[in-house]
Each structure stands twice: as C-alpha cells, then as structure tokens.
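Protein chains in written order, with this note's numbering: chain A, 6 to 339; chain B, 6 to 339; chain C, 6 to 339; chain D, 6 to 339.
These are computed hints drawn from the structure, not numbers from a lab. It is possible that part of the hints are untrue.
The list cannot tell twin chains apart, which means a pair is met if one copy fits it or any two copies do.
[Stated by the list, open to error] Taking lysine to any residue and the SDA-like style, the derived pairs with C-alpha atoms no more than 20 Å apart in a straight line are: (1) Lys194 <-> His56; (2) Lys100 <-> Ala145; (3) Lys100 <-> Glu117; (4) Lys194 <-> Gln220; (5) Lys194 <-> Arg48.
There are 4 protein chains.
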Amino acid sequence: MPRRHRVAVLGAAGFAGALTARLLYRHPSFELAALTARTDVGRRLDELYPHHRVPLTLEDLDLDRHAARLDAAVVAYPHGASAPLVASLRERDVKVVDLSADFRLRDRDVYEQWYCEHPAPGLLAEAVYGLPERYRSEIASASLVANPGCYPTAALLALGPLAREGLLGDVVIDAKSGVSGAGRAATDKTHFVTADENVNAYSVPRHRHTPEIEQELAAMGAPLRITFTAHLVPLDQGELVSCYVTMHDRDERDLERLYADAYRGEPFVELAAGPPGVRDVRDTNICRISVHRDARTGRVIVFGAIDNLWKGAASQVVQNLNLMFGCGEGEGIA
Amino acid sequence: MPRRHRVAVLGAAGFAGALTARLLYRHPSFELAALTARTDVGRRLDELYPHHRVPLTLEDLDLDRHAARLDAAVVAYPHGASAPLVASLRERDVKVVDLSADFRLRDRDVYEQWYCEHPAPGLLAEAVYGLPERYRSEIASASLVANPGCYPTAALLALGPLAREGLLGDVVIDAKSGVSGAGRAATDKTHFVTADENVNAYSVPRHRHTPEIEQELAAMGAPLRITFTAHLVPLDQGELVSCYVTMHDRDERDLERLYADAYRGEPFVELAAGPPGVRDVRDTNICRISVHRDARTGRVIVFGAIDNLWKGAASQVVQNLNLMFGCGEGEGIA
Amino acid sequence: MPRRHRVAVLGAAGFAGALTARLLYRHPSFELAALTARTDVGRRLDELYPHHRVPLTLEDLDLDRHAARLDAAVVAYPHGASAPLVASLRERDVKVVDLSADFRLRDRDVYEQWYCEHPAPGLLAEAVYGLPERYRSEIASASLVANPGCYPTAALLALGPLAREGLLGDVVIDAKSGVSGAGRAATDKTHFVTADENVNAYSVPRHRHTPEIEQELAAMGAPLRITFTAHLVPLDQGELVSCYVTMHDRDERDLERLYADAYRGEPFVELAAGPPGVRDVRDTNICRISVHRDARTGRVIVFGAIDNLWKGAASQVVQNLNLMFGCGEGEGIA
Amino acid sequence: MPRRHRVAVLGAAGFAGALTARLLYRHPSFELAALTARTDVGRRLDELYPHHRVPLTLEDLDLDRHAARLDAAVVAYPHGASAPLVASLRERDVKVVDLSADFRLRDRDVYEQWYCEHPAPGLLAEAVYGLPERYRSEIASASLVANPGCYPTAALLALGPLAREGLLGDVVIDAKSGVSGAGRAATDKTHFVTADENVNAYSVPRHRHTPEIEQELAAMGAPLRITFTAHLVPLDQGELVSCYVTMHDRDERDLERLYADAYRGEPFVELAAGPPGVRDVRDTNICRISVHRDARTGRVIVFGAIDNLWKGAASQVVQNLNLMFGCGEGEGIA
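Sequences are here, hints too, so could you generate the full structure?
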C-alpha cells in the first residue's frame with residue numbers, strides 16, 4: 006500500500022477550512038498532517054465543530070516545520086493574506102490549493118481593480134483555475150490551484166455549454182446563497198435575527214465574483230460584461246444561480262441535448278428536468294442544472310444548484326487534490 | 006358618527022382572506038358583517054388563525070341573504086371560481102374587491118391564454134386594476150376592483166418610474182417569495198420539510214403574473230415582453246423582486262432623484278439607500294425600493310420588497326376599500 | 006388635551022430598547038424625548054432597525070441635560086451597569102422602568118449569589134416587580150419598576166393560579182426561546198449557522214432567572230426550589246415555557262375553571278384549550294396559557310407562550326408605564 | 006465474496022422508508038432488492054427524494070413474488086397496518102425489521118390501551134426491541150425486530166445508566182423534534198407556515214411513546230410512571246430529549262464517570278461536556294448525551310440528541326440489520 010500524501014489545512018478554523026479538514030481526515034489517500042489557524046489555537050476542531058468529528062488540535066503555523074512534512078497544503082486565508090503564505094509554501098515546494106481569490110484572476114490589473122494590490126503577482130502564471138470540469142488535465146499537473154469562488158463554480162457550470170457554443174449574447178445572474186457563505190465571523194449580517202425570515206441583496210452592484218465569471222466565460226469564447234447579483238437567504242448551506250441568457254442569435258437547437266452532451270460522464274454534474282432545489286445537493290459535490298427556453302421571449306434560463314461549502318469550496322478542494330495526486334476524482338467526496 | 010360600511014370577506018379561510026378579515030375587523034370605518042368559506046364552515050376564524058384574533062364564525066355563502074346586508078364584498082376565491090361570484094355580487098349592486106386574477110387582465114384573450122375560459126368577460130370593462138399608487142382616482146370611483154397579484158405589485162412599484170420615463174429597454178425580474186405565497190393548501194410543495202433549507206424556482210418559464218406585469222408596463226408606456234421568474238425561499242411572509250433593466254438608451258439622469266420625485270408623498274412607498282430586506286416591511290402595507298446603476302454595464306437594478314400577504318394581498322385590499330368609500334387611504338393599515 | 010409624559014429610552018440600540026422606543030414613539034400619551042445608547046451613537050434608529058420606523062438619532066447620555074427634561078426613563082442596560090444609572094435618575098426624580106435584573110430580586114444576598122455585587126442596594130426597597138397581573142396597584146404608585154425577565158413573565162403567569170391556591174408541590178420548567186432572547190451581540194451563539202436547524206439547552210443548571218421565579222412563587226405562597234432550564238430554538242421572537250407540576254396533594258378541582266377565574270378580565274392573558282404556539286402571540290403583549298392534567302400520573306402540565314421581546318420585555322415596559330402614569334393599561338400595545 | 010443479503014423496503018415512499026432505502030442502496034453487504042409503496046407507485050424514488058439518489062422505482066407489493074426473493078424486509082407502514090404484513094412475511098420466513106409501533110410493546114393490553122386492537126398478537130413473543138445498545142445479542146439472533154420510536158431511542162439512551170443503577174426516582178421528559186418527525190403527509194401541522202417561527206407541544210398529555218419508554222425503563226429495573234411531552238420545533242431533522250430526574254436517594258456518585266463506564270466502547274453513543282445540539286448529530290446514527298447535577302435541588306438533568314430520521318429510525322434499522330446478519334454493526338452507517 007502506497008504511503009498516503011501528507012496534507013495540512015492552513016486556516017482550519019473557518020467554515021471552508023474546517024469542512025476541508027473533515028473530508029481529508031477520512032480520505033483514503035491523504036493523511037491530514039496538521040491543522041493551523043489564526044484564531045482558536047490550542048482548541049480541538051471537534052470542539053468548534055462537533056459534527057465534523059475531527060479530533061485534531063489547531064496549531065499556530067510554523068512554516069518551516071510544517072512545510073517540511075507536507076506534500077500539499079490547503080490555504081483557507083482571506084484574500085490578500087493568502088498570497089504571501091502561498092508564495093512561502095511554493096518556495097518550499099509544497100503543492101497548494103488556495104481557497105482565496107488571490108490566484109483566480111489571471112490578470113493582475115483586474116485583481117487589483119476588484120481587490121487590493123497583489124501580494125505575489127509572480128505566481129499568477131503558474132496558477133491553474135481549479136474547476137475540474139473545465140481544467141481537468143491542467144489541474145492534474147498543477148502545483149498551485151486556485152479553488153474557484155462558490156458563485157463562479159455554479160455559474161460557470163450552468164453557462165459553460167452555452168458559452169462554448171458561442172450562444173451567449175447577454176447574461177444576468179441572480180444568485181441566492183445560504184448564510185454559511187458569509188463566513189464564520191459573527192456580525193450584524195450573520196446574526197440569526199438579521200438573516201432569519203429575510204432575503205436581501207448585498208454588494209450591489211459590484212460583487213467581486215463578477216470578474217472571475219467574466220474571465221472564465223471569455224476563456225470559453227464568450228467575452229461578455231455580465232450582471233451578477235448575490236442575495237442572502239435564510240438557510241445554512243446551499244446556493245442557487247438563476248442565469249438569464251439572451252441568446253446570441255435565435256438559435257433553435259435542443260438545449261437539453263446540448264447539456265446532456267456537454268456533461269456526459271461528468272461525475273459531479275447532474276441534469277434535472279425541472280428547476281433544482283438546493284436541498285437536492287446539500288452535503289454533496291454535485292452541481293445540479295436545468296435549462297429552459299422561454300418560447301415567448303427567446304430567452305434561455307439556466308439554474309445551477311450547489312452546496313456552497315462543498316462544491317463551492319471544500320469538496321471541490323478535495324476534487325482538485327485528487328486530480329493533482331492521481332487519485333480517483335471522487336475519492337473521499339462521493 | 007356615520008354608519009360604518011358593511012363588508013364581508015367571501016373565502017375567509019385562506020391566508021389572504023383571513024388577514025383581510027383581521028384588518029377589517031379592527032377598521033374604524035368598516036363593519037365586518039360576515040365571513041364565508043368553502044371549507045371549515047362552522048369553525049371560528051380565531052380557531053384556524055389564533056393570532057388574527059377574529060372571533061367570528063365561518064359561514065356557508067347565502068348569496069341573497071348576505072348581499073342584502075352588504076355595501077361591499079372582498080372575494081378571495083381562486084381564479085375561475087371568483088368571476089361568477091363577482092358577477093352575482095355586482096348584479097346585487099355590491100361593490101367588490103376581488104383577490105383573484107379574474108379581472109386583472111383587461112384583454113380577455115390574454116386571460117384565456119394564461120388561465121382558462123373567462124367566466125364573466127362582460128365585467129372586464131368596468132374593473133379597475135387596484136394598484137392605488139397608479140390608479141388612485143379610478144379606484145375611488147370604481148365598483149369592481151381587481152386587487153393586483155403580489156409579484157406585479159412589487160414589480161410595478163419598482164419599475165414604474167423608469168417605465169413612465171420611457172427608459173425600459175429590456176427587463177428581467179427575479180422574484181423570491183415566502184411560502185405563504187403558495188397558499189394554505191397542504192401539499193408537497195408547502196410541507197415544511199420540502200421548503201426548509203431550500204430555494205428553487207417554480208412555474209418556469211410561464212408564471213401567470215407575467216402578462217399582468219406586461220399589461221401595466223405597457224399602460225405606462227413601456228410595451229415590452231419581460232422575463233419573470235419566481236422562487237420559493239424558506240420564510241413565511243415576504244417577497245423581493247430583483248429587477249434587471251437594460252435602459253432604453255445610455256440615459257445618465259439621477260435615478261435616486263427620479264424615484265424620489267415619482268414617489269414623493271406616497272404613504273406606502275419607501276425609498277432606501279441600500280438593498281431592502283423583506284424583514285423591513287413585514288406586516289406592513291409598505292413597498293421598500295432601492296435603485297442602483299452598474300456603471301460597468303450601464304444596467305440598472307431595482308429591488309422592491311413587500312409583505313406578500315399585506316401589500317401583496319390583504320392590506321392592499323383595505324387600501325382599495327378605503328379609496329372606494331372615501332376613507333383615509335391608510336385607515337386600518339398604517 | 007393634557008401634555009404627554011416625556012420619556013427616554015436609555016440603551017436603545019439593543020433589541021428590547023429599540024422595540025420599546027418603537028412602541029413609545031407611537032404612544033398617544035407619551036412623548037419619546039430622547040434615545041441614548043452606548044454603541045451606534047449618531048446613527049438613526051431606523052437605520053439600525055428599519056422595520057421599527059423610528060426616525061430619531063441615538064445620542065450619548067448626558068445625564069443632567071436629559072434628566073431635566075424627563076418624566077420617566079426606560080433603562081435597557083446590562084445587569085450591573087444598570088443600577089448606578091437608575092440611582093442617578095432617581096436622585097433627579099425621574100421615574101424608571103428598568104429592563105435589567107438589578108432590581109428584580111428583593112434580597113440583596115440572592116442577587117449577589119447569582120449576579121455580582123449590587124451597585125445600589127439602597128434602592129431595592131422602593132423597587133416594584135413589574136408584573137402587572139400580580140402587582141397592578143403597587144406599580145401604579147411606584148417610581149422604580151423592575152421589568153421582569155422574559156422567562157419569569159411566562160412562568161409566573163403560567164403557574165400563578167396554582168401557586169396562589171397552594172397546589173404546587175414540585176416544579177420543573179423547560180423553556181424554549183427564540184434567538185432574539187440572546188440579544189443583539191453577534192457571537193458564535195447568535196450566528197445564523199449555529200442556531201439554524203439546531204436546538205440546545207444553555208446555562209445548565211444555573212440559569213439566572215431561577216431565583217426570580219422562586220422569589221415570586223414564594224410571594225404567592227409557594228416557597229419552592231424549582232428546576233428551570235432554557236433552550237434556544239431556531240426562530241426569531243417567541244418563547245414557550247412548559248411547566249411540569251407535581252401537585253401538593255391529589256387535588257381534583259377543575260383546573261380550567263381555576264384558571265378562568267384567576268384570569269377573568271385580564272386584558273393580556275388568554276386561555277387556550279390546546280397547547281399554545283408562540284406564533285399565536287407574536288408581536289403582542291399577550292401570554293397564552295393552557296393547563297392539562299395527566300390522569301395517569303396526577304401531574305399537571307401548564308404551557309405559557311409569550312413574545313419574549315414584547316410581553317417578555319418591551320410591551321410589558323409600556324404596560325408598566327401606562328399604569329405608573331394613569332393611562333389605559335393597554336394604550337399603545339393593544 | 007459472499008452473496009449480499011437481499012432486502013426490500015416496504016413502504017418506501019415515506020421519510021423513514023426512503024432514507025432506509027438510501028442507506029441500504031449503498032450498503033456493502035445488502036442488496037436493495039425492491040421498493041414497494043402504497044402511494045406513488047411507478048415513480049422513481051429519486052424523483053420523490055432527489056437528494057437520496059436511489060434510481061429505483063416504487064412498486065405495488067406482491068407478497069408472494071417479493072417474499073420469495075428476500076432474506077429480509079424493512080416494513081415502514083403505520084401502526085395497525087404493519088402487523089398483518091409482518092405476519093405474512095414471517096410466515097414466508099422473511100426476517101423483518103418493523104418501523105411501526107406494532108411489536109414494540111410486549112404487553113398486548115398496553116398496546117391496545119394506547120393504539121388499537123392488536124392485529125397479530127401471536128408474534129409479540131418473538132419480537133425483539135431493536136435498541137442495539139441494550140439488546141445487542143438478542144437482536145443478533147432475532148427474526149423480528151421492532152425498531153424503537155425516535156423519542157424512546159433518545160430517552161432510553163439518556164436515562165439507561167441511571168435506570169440500571171436503580172437511581173431513577175421520578176422522571177419528566179420534555180422532547181423537541183424537527184418537523185420530519187411528523188411524517189410526509191401534507192397537513193395543517195406540517196405546512197411550512199404553521200411550523201415556521203413556532204414551537205408548541207402536541208399529543209398532551211398522552212403521547213404514545215410513553216408506555217414504550219416505561220416498558221424499557223422497567224426492564225432495566227426502574228418501574229416508573231413517567232411524564233413525557235413532545236414539542237414540534239421549526240427545523241427539519243433532529244430531536245432533543247431533556248430529562249429531569251429526581252434521584253431515588255441523594256446519591257453522590259460521579260455521574261460523568263457512570264456514563265463513561267456505561268457507554269465505553271459503544272460506537273454510536275457520544276458523551277459531551279456541555280448540552281448537545283441536534284446539529285451535532287445531524288445525518289448520523291449517533292446519540293450525543295450530557296449529564297448534569299443541580300447541586301441546589303439534587304435533581305439530575307440529562308440531554309440526549311439524535312437525528313430522528315437516522316438513529317431515531319432509518320440508520321437504527323440498518324444497525325439492527327447489520328446485527329441480524331452478522332455484518333459489522335456500523336457498516337453502511339458510520
């Protein structure tokens with residue numbers, strides 16, 4: 006039996022990092038070698054998150070000591086804070102999957118317009134955008150994978166078949182996310198009394214996932230300016246994107262067949278006849294999609310449902326690690 | 006002190022009818038003369054809905070007996086079933102506010118495309134569309150008012166100022182509604198376990214509120230085919246419409262001022278700087294609106310939040326009755 | 006028309022203070038003269054709480070300036086911080102309703118066992134426990150009223166009729182509260198993702214409302230040590246106490262009649278045939294009670310449902326102010 | 006590799022049956038040979054429950070044909086309807102795990118007091134009560150296992166260590182369950198708008214799980230009449246029992262040690278220092294327990310949290326099947 010690959014989660018106290026730790030702790034091909042965090046050091050993860058049942062203790066990061074033992078690291082730091090750590094890990098030849106936005110945008114200028122000065126632009130060239138359904142082979146040979154944002158994951162899977170056929174004319178994406186998407190920080194926004202029995206939009210009109218979606222649509226042959234708006238809905242995990250597409254021409258092809266062809270054999274994309282609900286994909290790595298044409302207007306509507314913490318974050322990290330280390334793509338997450 | 010106007014709620018066992026009964030029961034200018042229903046006859050309304058605290062008993066409808074005592078009736082029947090009853094009431098000279106869709110669409114053909122054969126087309130000409138912010142004076146002299154659908158109420162208030170200025174190029178409306186919007190019937194869809202921790206679209210791509218919105222936008226000078234999609238979100242009362250507008254030209258006017266001018270003095274429209282939440286309007290007759298321009302794309306985004314059972318149904322009924330009987334517009338609902 | 010009584014809410018940024026401000030802002034006999042807070046100074050209350058629609062600005066407290074203009078103050082500070090402020094207000098002859106626990110326990114030693122050193126023990130003698138259904142006349146002539154805790158309010162109304170008849174042998178109270186009861190502070194406990202789809206007990210086995218309930222049961226002739234446990238349930242407003250009573254003897258009297266007699270004429274106590282739900286009393290000053298005898302065991306079960314922010318806090322404040330100033334007991338809250 | 010045991014789920018359209026089907030469909034040692042139902046025949050289970058991802062079709066029961074192919078059947082019928090089917094299966098030598106109450110109560114008279122005339126009393130003697138932590142060896146050799154009720158499962162695991170030591174004096178159990186516990190039937194009670202933002206008790210004071218708990222406490226040496234009350238809380242899956250115990254004498258032993266000793270090595274019982282939340286056990290076969298002594302009153306409080314659909318129903322079925330067929334106890338559910 007081959008030695009298991011040693012991996013650490015750096016930033017394991019947050020929602021995405023902790024779930025990644027849970028998945029890797031039970032993964033047949035990885036050994037969860039360390040958990041580090043910037044808060045809650047010294048506490049066990051199963052104290053913070055009893056339902057994950059990971060009996061490991063959060064440590065302070067000791068870069069040299071930790072890196073020496075690792076084959077790979079998952080970095081779950083905020084944007085801006087992540088890139089310097091990723092650079093240090095790459096210098097020590099540790100493979101990285103980064104959950105932040107720091108290496109998702111290939112164009113440094115775009116990053117700096119939407120985020121902040123880039124802390125490690127020299128690494129942008131080697132980063133691969135970690136959407137396996139799109140970049141499977143590049144991920145397999147990558148040393149640095151930028152795990153996609155949750156909204157881009159759902160939106161790109163929903164729109165990809167149309168984008169690649171050159172059918173996208175104009176796109177509006179209206180997204181709804183559960184509150185876990187807002188992170189572990191206790192704020193007015195994440196207070197139960199604020200979110201319960203409520204729905205509202207946020208980050209209007211400039212949500213930072215917009216350029217990420219545009220970049221990848223362009224890479225599929227659809228260089229568009231899209232409209233993207235995110236809403237918070239009163240549930241824990243789950244995310245739905247409702248995509249409204251003005252077709253490039255009055256194309257009449259069979260869209261269900263187009264999607265069936267595009268996703269044949271994809272283990273984590275599921276096509277549904279009717280609009281998917283986020284319950285259908287809770288606690289899975291699956292994106293569930295339906296496509297509808299409104300004969301009255303010619304507009305096409307595509308829905309994509311994911312679990313924002315799984316396919317939108319932690320289980321997609323594991324899917325990427327599986328590809329990077331030659332494991333079965335669904336190991337530990339199917 | 007003048008005699009109070011005698012009004013009955015016909016169909017008072019459902020959510021909208023019952024709330025209308027509650028509001029009228031405490032109204033200074035109306036006397037709630039009877040409650041009829043097609044289920045639960047013989048039960049008291051405060052048994053079905055303790056929180057409404059209306060200690061009246063649901064009766065079988067006895068048209069002649071009831072009509073003889075009434076100045077007005079609120080009809081809360083399903084579409085198709087409502088029109089014949091409304092016709093009978095109008096023959097007996099009872100004023101009517103109808104909660105169904107039967108008299109909302111002025112064009113019989115459109116009604117019949119989206120609903121069913123019209124049971125009383127002869128009454129279409131006299132019906133007034135009961136959106137007070139748009140048809141205040143017509144309502145004041147009307148004998149038959151068609152209370153708007155919940156989504157059209159929010160959408161038309163959100164888009165009205167742009168429509169009247171001729172600014173609407175293309176419109177996508179993505180709506181989210183609490184589960185009370187699906188009615189009192191216990192079904193798979195309204196089961197707690199289906200709706201909880203879930204979000205999904207329904208009636209795609211042909212929701213019946215679409216032609217109602219189009220009719221009224223056209224009446225404001227914007228004859229468009231719109232895209233309208235409704236979603237169910239896990240909350241009780243509340244509805245948000247997110248409207249994505251491609252402007253007719255690259256108009257640069259100050260939209261906040263446009264909306265402020267349009268709604269100055271309106272007692273039940275509230276303008277907000279940031280995206281409104283449905284909690285902000287719960288249990289009120291208020292529509293809370295924000296307007297945003299995305300400089301990157303030129304697209305305009307308008308949010309409108311209402312309580313689907315109040316401004317989207319029952320309290321708008323009362324607002325209409327107030328106008329029809331010369332009461333203060335906010336009596337009993339402010 | 007008589008001048009309205011001038012009242013301020015000190016500590017108006019929290020949930021209970023803000024709702025008190027909303028109720029007083031629309032009260033016919035009170036003028037809401039000022040809102041002070043220890044956070045968010047300079048912000049308008051309708052910015053923090055849009056749904057309360059109180060367009061007043063939160064100020065720093067300036068005791069001399071504020072007190073000079075006031076007939077009464079509502080103090081919504083934490084225990085320990087409240088008493089010194091109350092003392093300063095009383096020195097300036099301002100009547101006070103205090104939402105904290107500081108003046109609820111008549112026995113200083115008991116207070117100090119459960120809370121902290123008492124900051125103003127000299128005022129304990131003049132404080133009246135503000136449960137109107139029990140101390141109506143004392144409140145009417147009081148200058149300092151200690152507004153009861155939310156759990157004691159429900160528990161004492163549920164158990165009072167049995168206590169006064171000497172029927173209580175042993176009492177277990179299992180309480181369930183919505184998350185607003187945990188206050189406005191954003192913490193791990195009030196984070197949506199913690200509370201959603203969850204139920205758990207807290208402050209076991211020494212919840213601070215225990216001695217308050219015991220004090221008042223003793224005052225009714227039932228000097229017991231009770232067991233009281235509180236649970237957090239995933240809803241916003243609402244509180245249910247389930248009281249399990251071992252009767253003092255195998256009393257056989259008609260309990261429904263006992264309760265009907267005890268609460269005849271009480272405007273804010275409602276008796277129900279079946280177990281009340283917290284929805285039945287949302288946004289009201291009502292306590293809804295049902296009483297059941299288990300013939301198999303002889304045990305009596307009493308349920309009491311209130312809205313923890315209304316009857317459990319803010320609307321009971323207004324009920325007390327109404328009594329203190331000779332207004333109708335239900336003014337502004339019925 | 007040995008042949009997998011052939012098992013069917015009869016009554017697979019309900020919540021518990023469907024989840025059992027999901028667990029067995031992926032079980033390494035069982036083959037899910039058939040799904041039958043009394044509604045929805047002809048539909049695929051993944052159409053009714055997409056998240057279970059079981060692509061099998063619901064059939065009408067054809068007893069001879071089905072039984073001939075089966076090693077075991079899981080029966081998920083309502084009480085009264087289950088027993089005759091179980092009898093027919095046993096006649097055909099099919100082993101059965103029955104989810105109904107029909108074989109839980111050993112005493113026919115008790116069953117008939119709480120339920121209805123017993124349809125198959127002759128089978129009572131051979132039925133084993135399927136709580137593995139209590140009857141592991143009996144289950145291993147049983148042909149008919151009565152799967153415990155959800156509340157008894159949690160209550161008996163919470164109280165067992167005290168019962169077996171003879172410490173139980175008097176017991177009050179206050180239970181809270183998510184709405185899935187009320188079953189798949191769409192009713193007023195399970196309507197989202199009824200359950201959302203609500204808490205209330207039901208079946209007061211005679212909930213049918215009472216005699217089941219009493220029977221098993223007596224079997225452990227604690228013949229008591231208990232008080233048991235169930236409440237519905239607004240969440241999907243999850244159940245908490247809060248047990249209030251008057252100890253038989255003023256026993257002073259270390260309760261945490263008692264519980265640790267009692268449950269050492271139990272794979273599905275977890276002891277917690279603080280009160281467990283139902284989130285901690287969601288989608289698991291685990292019962293999480295904490296025990297607390299109130300020094301002031303001498304009373305002991307024990308909390309037990311389970312997932313009502315897993316340990317309270319479907320995963321406990323699988324645990325029982327594993328024991329009956331000599332598989333690892335945690336196969337397919339760990």
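Could you tell me which of the numbered hints above are not met by this structure, giving the numbers in increasing order? Of the numbered hints, 3 and 4 do not hold.
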